[in-house]
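*Asks:* Sequence:
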Amino acid sequence: MGKLNSIGLNETKSKKLAEKLNELLADYSIFYQNVRGYHWNIKGDKFFELHDKFQELYEDLFIKIDEVAERIRTLGHTPNHKFSDYLKEADIKESSEVADGTKDMEDTLESFKIIIALQRELLDLSEDAGDEGTNALMSDYIREQEKLVWMYSAYLK
Numbered sequence: 001m002g003k004l005n006s007i008g009l010n011e012t013k014s015k016k017l018a019e020k021l022n023e024l025l026a027d028y029s030i031f032y033q034n035v036r037g038y039h040w041n042i043k044g045d046k047f048f049e050l051h052d053k054f055q056e057l058y059e060d061l062f063i064k065i066d067e068v069a070e071r072i073r074t075l076g077h078t079p080n081h082k083f084s085d086y087l088k089e090a091d092i093k094e095s096s097e098v099a100d101g102t103k104d105m106e107d108t109l110e111s112f113k114i115i116i117a118l119q120r121e122l123l124d125l126s127e128d129a130g131d132e133g134t135n136a137l138m139s140d141y142i143r144e145q146e147k148l149v150w151m152y153s154a155y156l157k
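Residue numbers (the working numbering): 1 to 157.
Calculated directly from the structure, the hints in this document are not laboratory data. Please note that a few of the clues may not be correct.
Quick list of in silico lysine-lysine cross-link-like pairs, DSS-like style, CA-CA up to 27 angstroms [claimed, not checked]:
(1) 15 / 93
(2) 15 / 103
(3) 20 / 82
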């Protein structure tokens, strides 16, 4: 069974989970900053609508960043905190065009695609490790974000 950590999970599996959660933390951090840029710089006839939606999204991402970092700590590991590390590790890239609402929404949907796929990987890893805490967190995130993908996609049509 191997050595157990302080919450009764296999240390090797917990380490792998923490590494994957650090990848998620990097993606969430870049996504968060991109959405802040959309919120600050949006222009055009949909300004008021999108300005508010982007604020809702970045406030939610802020909470998730904290929850993911705390989950890494709960597993007995250290969350990455340097933006330079996030830029190297994240699959989500920094947005450079942030004032076009349609482009911003397209980028948001692409970011969700990356994040949801990574969270599905974490579901599998957490199930294998018997880590109900990480599993429940990822399941909740996926359910919520799938609905956002549907809504944002409907907005673009």
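*Asks:* Now, for every hint given, state plainly whether the structure supports it.
*Replies:* So, going through the hints one by one against the coordinates:
With a C-alpha separation of about 25 angstroms, the suggested pairing of residue 15 with residue 93 holds against the 27 angstroms cut-off. Proximity of residue 15 to residue 103 is assessed by CA-CA distance (about 37 angstroms); at most 27 angstroms being required, the pair is judged violated. With a C-alpha separation of about 16 angstroms, the suggested pair residue 20 and residue 82 falls inside the 27 angstroms cut-off, and the hint holds.
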